[in-house]
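Participant: Go by the hints and put chain B onto chain A.
In order, the protein sequence lines correspond to chains A and B.
For the first sequence, the tail end lands on 530 under this note's numbering, and the numbers increase by one without skipping.
For the second sequence, the tail end lands on 530 under this note's numbering, and the numbers increase by one without skipping.
Because identical chains share one entry, a pair is satisfied inside a single copy or across any pair of copies.
Below, simulated DSSO-like cross-link-like pairs (lysine-lysine); rule was C-alpha separation at most 27 Å, straight line:
#1 K217 to K196
#2 K217 to K186
#3 K202 to K160
#4 K199 to K186
#5 K281 to K138
#6 K204 to K160
#7 K186 to K204
#8 K202 to K217
#9 K196 to K186
#10 K375 to K138
#11 K293 to K304
#12 K202 to K165
#13 K375 to K453
#14 K453 to K138
#15 K160 to K199
#16 K165 to K204
#17 K160 to K196
#18 K186 to K202
#19 K78 to K525
#20 K304 to K360
Since the hints were made in silico from the structure, they are not lab data.
Number of protein chains: 2
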Amino acid sequence: MTDPSFPQSRRDLFKMIGAAGGGAAMYQAMTTLGHAAETQFTGPPRLSGAPKGSSVVVLGAGLAGMLAAYELMQAGYKVTVLEYQDRPGGRNYTIRGGDKIVEVGGATQTCTFAPGNYVNPGPWRIPHHHRTLLHYCKAFGVELEPFIQMNHNAFVHRSKAFGGKPQRYRDVAVDFKGHVAELMGKALNAGSLDDKLTKEDKDKLLVAMREWGVLDKNMSYTSNLAVSGQRGYDKAPGGGVGGAPTPSQVNGLSDVLSSNVWTQMGFYFNYVMQTTMFQPKGGMDMIGKAFAKRLGKMIRYNAKVTEITQNETGVTAVWEDTKTGQKASTSAAWMVNTIPLPVLNQIPMQVGPKLQAAIKAVPFNGQLKIGIEMKRRFWEDDYSIYGGHSFTDQAIGLISYPNNNMFSDGPAVLLGAFANGAGAFQLTGMTPEQRIEAALAQGSVFHPAEYRKEFISGVSLAWSRVPWIMGCTSRWTEESRAAHYQNLCAIDGRIVLAGEHATYYGGWMEGSMLSALDAVERIHKKASAA
Amino acid sequence: MTDPSFPQSRRDLFKMIGAAGGGAAMYQAMTTLGHAAETQFTGPPRLSGAPKGSSVVVLGAGLAGMLAAYELMQAGYKVTVLEYQDRPGGRNYTIRGGDKIVEVGGATQTCTFAPGNYVNPGPWRIPHHHRTLLHYCKAFGVELEPFIQMNHNAFVHRSKAFGGKPQRYRDVAVDFKGHVAELMGKALNAGSLDDKLTKEDKDKLLVAMREWGVLDKNMSYTSNLAVSGQRGYDKAPGGGVGGAPTPSQVNGLSDVLSSNVWTQMGFYFNYVMQTTMFQPKGGMDMIGKAFAKRLGKMIRYNAKVTEITQNETGVTAVWEDTKTGQKASTSAAWMVNTIPLPVLNQIPMQVGPKLQAAIKAVPFNGQLKIGIEMKRRFWEDDYSIYGGHSFTDQAIGLISYPNNNMFSDGPAVLLGAFANGAGAFQLTGMTPEQRIEAALAQGSVFHPAEYRKEFISGVSLAWSRVPWIMGCTSRWTEESRAAHYQNLCAIDGRIVLAGEHATYYGGWMEGSMLSALDAVERIHKKASAA
Numbered sequence: 001m002t003d004p005s006f007p008q009s010r011r012d013l014f015k016m017i018g019a020a021g022g023g024a025a026m027y028q029a030m031t032t033l034g035h036a037a038e039t040q041f042t043g044p045p046r047l048s049g050a051p052k053g054s055s056v057v058v059l060g061a062g063l064a065g066m067l068a069a070y071e072l073m074q075a076g077y078k079v080t081v082l083e084y085q086d087r088p089g090g091r092n093y094t095i096r097g098g099d100k101i102v103e104v105g106g107a108t109q110t111c112t113f114a115p116g117n118y119v120n121p122g123p124w125r126i127p128h129h130h131r132t133l134l135h136y137c138k139a140f141g142v143e144l145e146p147f148i149q150m151n152h153n154a155f156v157h158r159s160k161a162f163g164g165k166p167q168r169y170r171d172v173a174v175d176f177k178g179h180v181a182e183l184m185g186k187a188l189n190a191g192s193l194d195d196k197l198t199k200e201d202k203d204k205l206l207v208a209m210r211e212w213g214v215l216d217k218n219m220s221y222t223s224n225l226a227v228s229g230q231r232g233y234d235k236a237p238g239g240g241v242g243g244a245p246t247p248s249q250v251n252g253l254s255d256v257l258s259s260n261v262w263t264q265m266g267f268y269f270n271y272v273m274q275t276t277m278f279q280p281k282g283g284m285d286m287i288g289k290a291f292a293k294r295l296g297k298m299i300r301y302n303a304k305v306t307e308i309t310q311n312e313t314g315v316t317a318v319w320e321d322t323k324t325g326q327k328a329s330t331s332a333a334w335m336v337n338t339i340p341l342p343v344l345n346q347i348p349m350q351v352g353p354k355l356q357a358a359i360k361a362v363p364f365n366g367q368l369k370i371g372i373e374m375k376r377r378f379w380e381d382d383y384s385i386y387g388g389h390s391f392t393d394q395a396i397g398l399i400s401y402p403n404n405n406m407f408s409d410g411p412a413v414l415l416g417a418f419a420n421g422a423g424a425f426q427l428t429g430m431t432p433e434q435r436i437e438a439a440l441a442q443g444s445v446f447h448p449a450e451y452r453k454e455f456i457s458g459v460s461l462a463w464s465r466v467p468w469i470m471g472c473t474s475r476w477t478e479e480s481r482a483a484h485y486q487n488l489c490a491i492d493g494r495i496v497l498a499g500e501h502a503t504y505y506g507g508w509m510e511g512s513m514l515s516a517l518d519a520v521e522r523i524h525k526k527a528s529a530a
Numbered sequence: 001m002t003d004p005s006f007p008q009s010r011r012d013l014f015k016m017i018g019a020a021g022g023g024a025a026m027y028q029a030m031t032t033l034g035h036a037a038e039t040q041f042t043g044p045p046r047l048s049g050a051p052k053g054s055s056v057v058v059l060g061a062g063l064a065g066m067l068a069a070y071e072l073m074q075a076g077y078k079v080t081v082l083e084y085q086d087r088p089g090g091r092n093y094t095i096r097g098g099d100k101i102v103e104v105g106g107a108t109q110t111c112t113f114a115p116g117n118y119v120n121p122g123p124w125r126i127p128h129h130h131r132t133l134l135h136y137c138k139a140f141g142v143e144l145e146p147f148i149q150m151n152h153n154a155f156v157h158r159s160k161a162f163g164g165k166p167q168r169y170r171d172v173a174v175d176f177k178g179h180v181a182e183l184m185g186k187a188l189n190a191g192s193l194d195d196k197l198t199k200e201d202k203d204k205l206l207v208a209m210r211e212w213g214v215l216d217k218n219m220s221y222t223s224n225l226a227v228s229g230q231r232g233y234d235k236a237p238g239g240g241v242g243g244a245p246t247p248s249q250v251n252g253l254s255d256v257l258s259s260n261v262w263t264q265m266g267f268y269f270n271y272v273m274q275t276t277m278f279q280p281k282g283g284m285d286m287i288g289k290a291f292a293k294r295l296g297k298m299i300r301y302n303a304k305v306t307e308i309t310q311n312e313t314g315v316t317a318v319w320e321d322t323k324t325g326q327k328a329s330t331s332a333a334w335m336v337n338t339i340p341l342p343v344l345n346q347i348p349m350q351v352g353p354k355l356q357a358a359i360k361a362v363p364f365n366g367q368l369k370i371g372i373e374m375k376r377r378f379w380e381d382d383y384s385i386y387g388g389h390s391f392t393d394q395a396i397g398l399i400s401y402p403n404n405n406m407f408s409d410g411p412a413v414l415l416g417a418f419a420n421g422a423g424a425f426q427l428t429g430m431t432p433e434q435r436i437e438a439a440l441a442q443g444s445v446f447h448p449a450e451y452r453k454e455f456i457s458g459v460s461l462a463w464s465r466v467p468w469i470m471g472c473t474s475r476w477t478e479e480s481r482a483a484h485y486q487n488l489c490a491i492d493g494r495i496v497l498a499g500e501h502a503t504y505y506g507g508w509m510e511g512s513m514l515s516a517l518d519a520v521e522r523i524h525k526k527a528s529a530a
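Next up, chain A with everything else stripped away, as it sits in the complex (with noise of 0.2 Å):
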């Protein structure tokens, strides 16, 4: 998913959005009514006055795909959903005991995890202003529970900095802000600022300084029992006779810059990894299933399109039956397309050479994850950790706590990789088999004595190698998206794409419903004008 997880990502995905303009009145009139500009989503669509008998096939059962059938059979429409897969939801997908797992290439796995367990190898957090996804799993039942993001107590590793050993991310982010917080006030006491703010400011912010430093009363960050009512004890409070606490001992200046904590205190206050998040219960897939229930034999699973073409009157796909080899089309007077560009792209499709060349324009990331199964929940018993992230510089990138069942006894899940950019591409060239090895050793830096000895099993998907995709989340440029994205958007003749490719949202649910959405809106009003 290109969520902004790693700092290199983030900036990217910045530098990705383009400032350009348009909005929906209707948002700005809620923004200016104090209520946050949280999603582009202000409730379901009215799609009201459906052309009478007028029909739509939509390509991909994913969330776009089931999203987009959903609110036009709502609104009247005849609806057909092709899909390639036997399963809804695309990557919105849990990997659970018995999945097999089939890459590109031919490698397969067969997930062995226990009864209740599982890894989401897609999307996996919601963050709780993402209200399209929120409004549709409480309108459809899917039970949330919070997804715990940030944990203080989780590890920060960084090869090269601590001798290679692992920091408590609250340890390291303690002592950068009282390290920052020392300096300012030097430069503060120094008149080094004096010509840049008001000797009010001024005085405010060395109260700020002292206070969110926690400093000295010589304004300095040292290692006592105040700063340890932050980082922690060396021996905590107790009770009766021997409860006094003894600080803990504050790390220097160069050895926490060395651990680039920053980028961690950075990442949790992005807007969308941000408190409070959720997680479906039982797996990420709850909410396809949730649309697939709604939509029943509307679906038509092991669909394989193979040509779409177009007329003045309408849409026909082509497809074939994977399970039976038998071919098929089927025609409507319009189309919602979802189907991933990579896979697209090689799909002979009618449509005009603006289309086209944006469909060729946007590259995938090929993301990949590791769900480990471990014997118990060594990191909650013997580490007080409960879920969040212990991030590293490895290829892995993290490994992730479970959120769910908490406290319980038995066999868990660890999210053993999230690997992103030269990581991914690193354990997706390894076998199935070596990237378990792979994520054991990386993983044990952070739990040495635990990690291979509670090991049971593991699973992979690399999505680059995942046939009915080739990636995970779409690349745009500032350049692409000024020579493409509106091209990519814009209804062509009876056709309109929609999904996670068609948002300023990449690798975010929200993205590919808000595009759905978009899309229905679009095509309804042609169809209704036509």
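Facilitator: Structure of chain B alone, referenced to chain A:
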């Protein structure tokens, strides 16, 4: 509770904590092994070989008393617990519909919350490092769920900042770090700190400031899409033709400083406030009830202790049945006394002058909480706030959003006030009706359109007016610690005190429990040697 929800009390707390030494070897060993010094808990006590037929009377069925009773019972002692109230738990307390609250002075309230709704007027959150409490919750099957402590999307309100208009925490916190980073960058680039750090650290710190502060290429903190990626957008990114986002406007340094937002930023960094936190499903008193279930008839409720005597062979508690008025006495070889000091202070007890003086030396704080039932979860539906706190400098201190049953329909209970210090005095001095009115008036700053409109009912607990405790948390100073703490904890003949007041972890259930474990270990040692 003396939990550091407010900067002034946090600072007070640290002042109170003496730097006195003393530490358990076991504990230090754990720390050396790389396990964090999370609590002084090292597992349940091993009290083998209780003297045959030996007995203990425990005063108070709060968590300290019940834990002491439970472990002494396990060790083979004959245990009786005398409890003043008709329920177990003490401050581990939950108010639900039908519950009656009678204050010193006679004011009476009956809670009318809907079934399933509740407010925890005492402790309400459990840090991940409170291992004693978590141990017994798991052992006794108390189900826990996440308590959302930090919420970037909740509000910060200062009467004199931003014209009294509450700000989203994320907006002002992101602005605060942006301005701090920009100023630090200026000081560094001007060479003002060149004598304070190496060239290498200076260069790294400049990178850190740019990335952590989300500064632009000129090292300025300005309104742009990258900054909006943290503080939120005017128009959020979306899908389809209108998907491009527009940035939000950052606040100036003076405005940000007027909000004192750094106090909240520091608050969330407090070790006891860090993620992950928990609450028992269904109400905090599930913990007390779980203990009481294991003690069964060992607990004598409605027993008001009126006198305590001891001699060389045993100790006697004289008590009165508050339902029947009947007088009785319970004798045992040993006593664990957990009666809160403001009450114990009034009971004649045959102990030496040092313990007497210690009991008189510790005043109690009088916090106040208000639970408010609303017709619907407007904070979720209309504000995207799920759990967490909105802070204010008004008397109520904060409002806090419920962590149970998120996304559900129907009435829900907000914490409408958690008042300390002057605010608590002010609200305690009011009638229950006046308190609710004040809470509605003050809480309306956050949710002006909904707060009164959706109000159903409210209930307040002013701890200094609660007859069985007359306060909420013990208030130690550095001086009183030095003079009295060890005397308070020392065994006096056959009597040992335990509870929240006999700890360096005041205001937390973990402290009370650690105190109880320390007390039973010492009593057992003395009993075994006797």
